[in-house]
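Asks: Grab the two chains, each in its own frame, and use the hints to assemble them into the complex.
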Amino acid sequence: MNLKFMKTAAYGAVLSAAMLTTSIAAECIAPANPGGGWDFTCRQIGKIMYDIKAVDKPVQVTNMPGAGGGLAYNHVVGERGSDADLIVAASSATTTRLAQNAYAGMTADQVRFVGAIGADPGVIAVAADSKYQSLNDLVDAILADPGSVAFAGGSAVGGFDHLKPLMVLKEAGFTDITKVKYIGVDGGADAITQTVGGFTQAMTGDMSEIVSFLANGDIRVIAVLTEERVPGFEDIPTAKEQGYDVVAVNWRGLYVPKGISDDQFNDWAGKLQQVADSPEWAEAMAANGLAPFTKVGGDFQSYVDGLVADINAMSKELGVIQ
Amino acid sequence: MDILSNLALGFSVALSPYTLMLAIIGCFLGTIIGALPGLGPSNGVAILIPITFTLGLDATAALVLMTSVYYGAMYGGRISSILLNIPGDEPALMTTLDGYPMAKAGRAGDALVLSGVASFVGAFLATIGLMLLAPVLARVAFLFGPAEYFALYLLAFCTLGGMASNNQAKSAIAACIGLGIAMIGVDSSSGLPRLTGGNLHLFDGIDFLVAIVGLFAIAEVFFFIESHGKGSAIGVVLDKVRIPWKDIVATRWTMLRASLVGFIAGVLPGAGASLGSFMAYMSEKSIAGEKGGFGTGVAKGVAAPEAGNNSAAGGALVPMLTLGVPGSGTTAVLLALLMTLNITPGPTLFRENPDVVWGLIASLLIANIVLLLMNVPMVKIFVKVLTVPAWVLLPGVTMISFVGIYSLSGSYFDLLLMIGFGVLGYFLRKLDVPTVPVILGILLGGNMEDALRRAMTLSDGDATYLFSSWIAIGLWVAAFAGFIAPMFLRNLLKKPQAVTD
Chain A
1 MNLKFMKTAA
11 YGAVLSAAML
21 TTSIAAECIA
31 PANPGGGWDF
41 TCRQIGKIMY
51 DIKAVDKPVQ
61 VTNMPGAGGG
71 LAYNHVVGER
81 GSDADLIVAA
91 SSATTTRLAQ
101 NAYAGMTADQ
111 VRFVGAIGAD
121 PGVIAVAADS
131 KYQSLNDLVD
141 AILADPGSVA
151 FAGGSAVGGF
161 DHLKPLMVLK
171 EAGFTDITKV
181 KYIGVDGGAD
191 AITQTVGGFT
201 QAMTGDMSEI
211 VSFLANGDIR
221 VIAVLTEERV
231 PGFEDIPTAK
241 EQGYDVVAVN
251 WRGLYVPKGI
261 SDDQFNDWAG
271 KLQQVADSPE
281 WAEAMAANGL
291 APFTKVGGDF
301 QSYVDGLVAD
311 INAMSKELGV
321 IQ
Chain B
1001 MDILSNLALG
1011 FSVALSPYTL
1021 MLAIIGCFLG
1031 TIIGALPGLG
1041 PSNGVAILIP
1051 ITFTLGLDAT
1061 AALVLMTSVY
1071 YGAMYGGRIS
1081 SILLNIPGDE
1091 PALMTTLDGY
1101 PMAKAGRAGD
1111 ALVLSGVASF
1121 VGAFLATIGL
1131 MLLAPVLARV
1141 AFLFGPAEYF
1151 ALYLLAFCTL
1161 GGMASNNQAK
1171 SAIAACIGLG
1181 IAMIGVDSSS
1191 GLPRLTGGNL
1201 HLFDGIDFLV
1211 AIVGLFAIAE
1221 VFFFIESHGK
1231 GSAIGVVLDK
1241 VRIPWKDIVA
1251 TRWTMLRASL
1261 VGFIAGVLPG
1271 AGASLGSFMA
1281 YMSEKSIAGE
1291 KGGFGTGVAK
1301 GVAAPEAGNN
1311 SAAGGALVPM
1321 LTLGVPGSGT
1331 TAVLLALLMT
1341 LNITPGPTLF
1351 RENPDVVWGL
1361 IASLLIANIV
1371 LLLMNVPMVK
1381 IFVKVLTVPA
1391 WVLLPGVTMI
1401 SFVGIYSLSG
1411 SYFDLLLMIG
1421 FGVLGYFLRK
1431 LDVPTVPVIL
1441 GILLGGNMED
1451 ALRRAMTLSD
1461 GDATYLFSSW
1471 IAIGLWVAAF
1481 AGFIAPMFLR
1491 NLLKKPQAVT
1501 D
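Chains A and B, in that order, are what the protein sequence lines are. So in our numbering, the last one in the first sequence is 322, and the numbering has no gaps at all. So in our numbering, the last one in the second sequence is 1501, and the numbering has no gaps at all.
Derived by calculation from the structure, the hints in this document are not laboratory data. Keep in mind that this is a model prediction, so the values were computed, not measured. We treat Cβ as the ideally placed atom computed from N, Cα and C, and that holds for glycine. Only true hints are included.
The calculated label-pair distances, taken between Cβ atoms and stated as ranges, are:
id, chain 1, residue 1, chain 2, residue 2, range
1, A, E280, B, A1250, 57 to 67 Å
2, A, K258, B, I1128, 53 to 63 Å
3, A, A104, B, F1480, 40 to 50 Å
4, B, G1420, A, A309, 34 to 44 Å
5, B, L1416, A, A104, 16 to 26 Å
6, A, D109, B, I1025, 41 to 51 Å
7, A, G298, B, Y1412, 36 to 46 Å
8, A, E280, B, I1128, 32 to 42 Å
9, B, I1419, A, P237, 52 to 62 Å
10, A, D145, B, I1025, 55 to 65 Å
11, B, V1477, A, D137, 35 to 45 Å
So that you can see chain B by itself, here it is in the shape it has in the complex (with noise of 0.2 Å):
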């Protein structure tokens, strides 16, 4: 066998006592950078890079270490968004939905440990994933031209009306403010500027991590001033740390579902973590229908998304190693470390690397079992965050927030940009305008007009070119049947619960 052999390679070179204390190293303070609202895995691996240069780690030793941060901001992530509301990076979005809820209803320890074993079974089945299928499914990104991009946003968007509101109409909107947003900027056809006013800094849009955390860590800390410190988001009480099997052996479909689900997202590329956890929730809120109860903080809405964005996160890896076309942030990150370290990831770095290849897929196996470790018994060092006052907290996330911010980019102007998102969260909130489908409309509007105006030079402005390939209209069947469907069913259902505080 192959792989085997390939894979006792892999094991020999990140078996290490060396590469073993790396990797538990990087899963721990990955997990507190992804836990850290407004740090999220890219940043935080952007971070660390310098480390790996000063203490002269080999391009193995390098890899094992980033990777472990990227593997443990993605389980990190969902803590933040369970135990705050405010996901701990921008994947982590969609577990809010539920995990929130679930927290507030007494149940935040299990909640956390169902969605550390998500994690796990995401992240896990997606290293398999890599392992197994990295050169067949490399090949999958040839299938996907402009239109086939299009049709898949487009279905993204049209399954987003209802989500995080049980009012469609202020889920268009929101949706449409973020689209908007993701008009300012260089437009990349023509090379002409719109919405920036001649600014500089405006030039290649807005970061839509500037716009998360303004969104919503900002925005939580004009709340808490607003309350005088009374009655602030953190009233979670949490009893006792138990594993929670029945929730466990009750979402294991819905775990592998999500799994394949986020896996596929992941390695289209561009389409990311985020897509990636995104599908896999509204996937298992059709399958599950009205009465799965999505969004009142059901086991399911935890796991979901989780094993959804973990998988998704493997999954970016694919194209990075096997195209060096990243598939998401963090990946770019990554990509740039490999390329400093003179390896360049392409069809041939599983021929020409193998020991650098196999020895990242072991070392992310080991990961794994490290971050499962971490993250479910020692769940409760991490609820101890919640005995910290919000008085200390708040300003604390602030704090951190305008650090992370600032490392991105280093302009000041993105900080008074944050705090301008921070100003208008606190408003949409203020009018139950649903603050998801902004993000999800910055994150995805600028990628979905690319592709537009991609295909629509290719095919000279005739618009049937959309619906050229039986993947297309696969994507538009189902993008429509998306938006049509809760229209009819609304009456005959009833409505979900909207996520408020």
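Here chain A stands alone, though its shape is the one from the complex (with noise of 0.2 Å):
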């Protein structure tokens, strides 16, 4: 034995899973590193696409870290505009980046969003032994003495994280909110460890990154941001209830290349409606923390345009961009 037949399969394995792709129809781009929530989006989609024969071959997953997002959309825009077996995972950090303009000039119309099918609730969490005990306690904490609060979260300053909290403290009437302390953190995990760990007194993010944490006792979730009590944690409040009429949710979802025809467009719609009907994804949702959000085809499209028009304006206000 020697290198030239170690190579030899060490290139097997590397050519082994090659080959699996080769005679694949659908690519989905998840945009992030495996792992993520984008990820999840392209391999679960893909997967129950295949599984309930929406399409006849598997999807094949390809991950195209880079810039937040940023790096696959250029992408997209620039070589696949017209490229109709291609499926991009997107949420609403794609959305939030966009309305920031934080893709370096790219706008959300050079791409065609074909539709969500779950969202992952806001939520907003206190350590278990924490001296909050709702979310009103928190804000009139923060409108007391902003600086007696820290919050921690997934996403950089600016994300859709830290403008969760911002947007509820907006609705109670506290307008200096640069005042307010925010850390970003490496995902939600982390922002858990560090409130738990008495770091920061609060933790921002979503629901299905909080899931074990709760059922260990961990911590508390104070508000849900959604307009109803999430199906299975009915015990947990919305913020609508306690006053705050927020409505953040993580919708998972997928764009498409500008340039296919509306037909196009429209079937792929109709392949994710067919997954969003199916028991398996009802499965992947409960399993993950998220909860039904379905929007496809036109009604999505007008639903993103909102939400970007909407996030950028708010980003201004916030000072968060000029």
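Replies: Right under this line is the structure:
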């Protein structure tokens, strides 16, 4: 046995992995490394589409991390503008970044948003032994002394996790937004660790990020940012019923290149609807803390347009962008 | 006994012939992946993930295969460190410091066997630690806030001076270059791009694997070209491979201490195996003192980082499984695999999926024994790598480097960047500036800055916050002692030998 053999073996492994992908029809780009929400979207939706025979060949998942999704966006807009076999995972983060001009000048109208089939409800949580019993307690404390509460979240400053508590505070009539302490850490679990450890007073993130910590009794969720209480988590009050009319969900969906025909667009919308209606997707959502949130086709496109306009206006107001 | 019955459950899952076969295949592939420069455990595992889906493996089988590859790669990383002076993966960096001089002194076989045994000790103890302490140690993460993390990274940088060079100023310059490179990308605290020149490819910063492969593998190729294929770095002679019992016995305490240090470093989220091997090496170096001869090819210098990094690999699984916070790049990829298999790691994993967790622990124990057998009696196979002439091996290394880096991001930009780092590495070595601190700067600089920025946000810019806990103060004291002590000791003691070719 020598190096040549070992190299052959290594290449064999690589090639056999590559060969699986040569005969594949559709491609789903996850604009991040394996493990995140976008990767989950591609892998789950791709797998279910194949399982329920919405597509006749397995969907190939390509991870294209970079610039918070900007690299993949650039790639789709610039090089794959009319590829009808391409879908790309998207979420609230995609629209937040587009609204804040974080994709180097690219805009939301350069692709078509085909649908969302599930949403991760926004949550605000505190450590189990925290003195804050409700969202009102927390907001009152910030109104009295903005420096007394620090938030930890999984997105960078100005990201969606940061915007969530600011939206609540804005509802409460608090205007000095820049006084609110927020640290962006590496994901929701890390944010919880910092909060349970007492380094920050509250955690802002998504429902899926807190499910296992909640079951373990480490944290208390003081508000979920949805219209109504989330099925399976009926004991968690909404922000709305506590007097702050804020809805912030992290939807999971797809966009497609702009240059495809309306028929092709509607075809993908239909396939996505099929996935949304499948028991497999219901199961995947339950296992990952997602709440049902289905908007496909033209409906979704107008929802996204509204969202981008809203976030853009709010970000300017907050001073996150000029 | 809870643990024994749990372990019995684990072994009943892991000892089926099918899973056993997967473990052996995983170990073999992993060792090769680890040994090949540029292909580290994280991209190795990432490349192999599609295979688990094709084979239709269930959660346990997929985990067994992937963690065998993971542990295998941690073992394999030492091979090219020792034989080629090119770390096979980033945690194996420290092994080059004593492993390569030892190999050049004609003891390549001893170094390989000893490091194999050290890897086994580290990984085995870490697996035991994972088993016994996972639920408890998961809580350690709650004690580390921004101030503590900042002090921890500071400690790493302060003890860096003098390592891999006998000129502290050059080490400091190299560390600053690394820190500067770490600044590139979107600043996480303000969302503004820094030093990117508007290039989207630079928004996420520079991947340290690109830097490592460039600085080590590609620079090596440049030196090879310069010497017209003569006098290449691969000049290690190997006579006979026997088991160096004397060295193994002599380093037994080193291995135990290094395993403990590595395990703790691994448990801390974000620190990972690189910090584990680094801390293990530096702590052993200071225990041994100057007469220990670290850097000249001593057995302890080979045993410490290998026990440390393999132990950290096991430790990194603790926060990954119990908190869902990956302790290293590779565990982040493993986390991805778990999520795709619809298993959400977190505090409840041990309660809700005992078969998965204990099956994994049992298979780690099995993988370890397989790897020890594979890496000690079969070490000759890997030494055969040397008989391949340099003009075949180095182009091969180059090719694998390109494939490995391209597989990371699928971007040609990273390939250009890698060549750029190769040029940088070439000139740095010509100027006798060590490249190891550059890498550590890139690796830890971003995290260190983030920790400082977060601490300042939380305290409204009050610097005393950095000394607000006993853990932080202890780390600061250790950092200063580590920085100042060598200055006073230098005149009293002989300077350490530089590792140069």
